[in-house]
Amino acid sequence: MTTSRFSAVTHTRYIDHAGLDAFCADYDGFLLDLWGVLIDGVDVFPGALDWLARRAAEGKPVWFLSNASRSVPEMADTLVRLGVSRELFAGITTSGQLAIDAFTHEREFQRGGIYTVGVGDALTTWPADIRERFCDDIHAASLILGVGSFPQHELEERFAPLRGATDKPFLCANPDRVVVSGGQTVFGAGRLAEAFAEEGGSVHWYGKPDPSAFRIAQRQLEARGAQHILFVGDSLVTDVPGALAARIDTLWLASTGIHRQALGVPFNGELDPEKTNALLDGYPVRPHFAAPGLV
1 MTTSRFSAVT
11 HTRYIDHAGL
21 DAFCADYDGF
31 LLDLWGVLID
41 GVDVFPGALD
51 WLARRAAEGK
61 PVWFLSNASR
71 SVPEMADTLV
81 RLGVSRELFA
91 GITTSGQLAI
101 DAFTHEREFQ
111 RGGIYTVGVG
121 DALTTWPADI
131 RERFCDDIHA
141 ASLILGVGSF
151 PQHELEERFA
161 PLRGATDKPF
171 LCANPDRVVV
181 SGGQTVFGAG
191 RLAEAFAEEG
201 GSVHWYGKPD
211 PSAFRIAQRQ
221 LEARGAQHIL
231 FVGDSLVTDV
241 PGALAARIDT
251 LWLASTGIHR
261 QALGVPFNGE
271 LDPEKTNALL
281 DGYPVRPHFA
291 APGLV
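In the UniProt record's numbering, the protein residues as written are 1 to 295.
Please note that a few of the clues may not be correct.
As the list claims (entries may be wrong) - DEER-style ranges, computed between Cβ atoms:
1) Y14 - E108: 44 to 54 Å
2) A160 - G83: 33 to 43 Å
3) D26 - T166: 46 to 56 Å
Note that these hints are calculated values from the structure, not bench results. Note that the structure is a prediction, hence the values are computed from the model and not measured. Each residue gets a CB set at the ideal place from its N, CA and C atoms; glycine is no exception.
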């Protein structure tokens, strides 16, 4: 198994734009988050396709690991529509697919109605036998499924039906608390799941930061010959802790994802080490490396 060269991270090494490719040369496989790293849900970030093309030319596999509620086929189709051709990545693991697998293979989730909360646009390509179980009445449901993202002002409205249903298992197919989509900061279904747990409910999380999600993707890269793998993500809540728990070298992108506003930097702007260290000091763990963006 591939393991990190590092144990506890006490110092984050900063990589500037000019040094990123030389830094990446030390790795032969890459595990990438999508939102905040490659895309914002609407567009591919400038320079990201060129970065992927350089890795493809080097024969180094790239595998995506996303907290999207989409199935793997739908996520692949979405990327192709955005201009990310299939030749640029080896495959994808999504939290939505992991939840689909749980409904399919775990006996306790194979029966009963499913009440969905969040925005379910990504559910149209889920298997028909799961979609047939969706119901609009939470009291008639056996399970709750959290998906997608939604405007922050809708949090109370979306959470209200859940207050009286904490006896039902909540399966969260998007653990992100906050997402930047189309330039707007919105809540992910993980924010609903978090509130549900605070009310005493039981939550089953699928995707990051669960280290098992990272290991699933890691094994796919290892099967393609990668032995020295780098994870690239933008979240200090889901990406960095999960990658560290899975003992994978971790590059945090600070200027293209959810922490850019807190740092007060322009999109893909160079990092101020003092401000960046101050932000990192507010989190339980820190990444091995930090860079502005994937260029």
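Tested hints:
1. Y14 - E108: 44 to 54 Å: 46 Å, holds
2. A160 - G83: 33 to 43 Å: 39 Å, holds
3. D26 - T166: 46 to 56 Å: Once the Cβ atoms are compared, 47 Å apart, the range 46 to 56 Å for T166 and D26 holds.
The earlier numbered hints are all upheld by this structure, with none contradicted.
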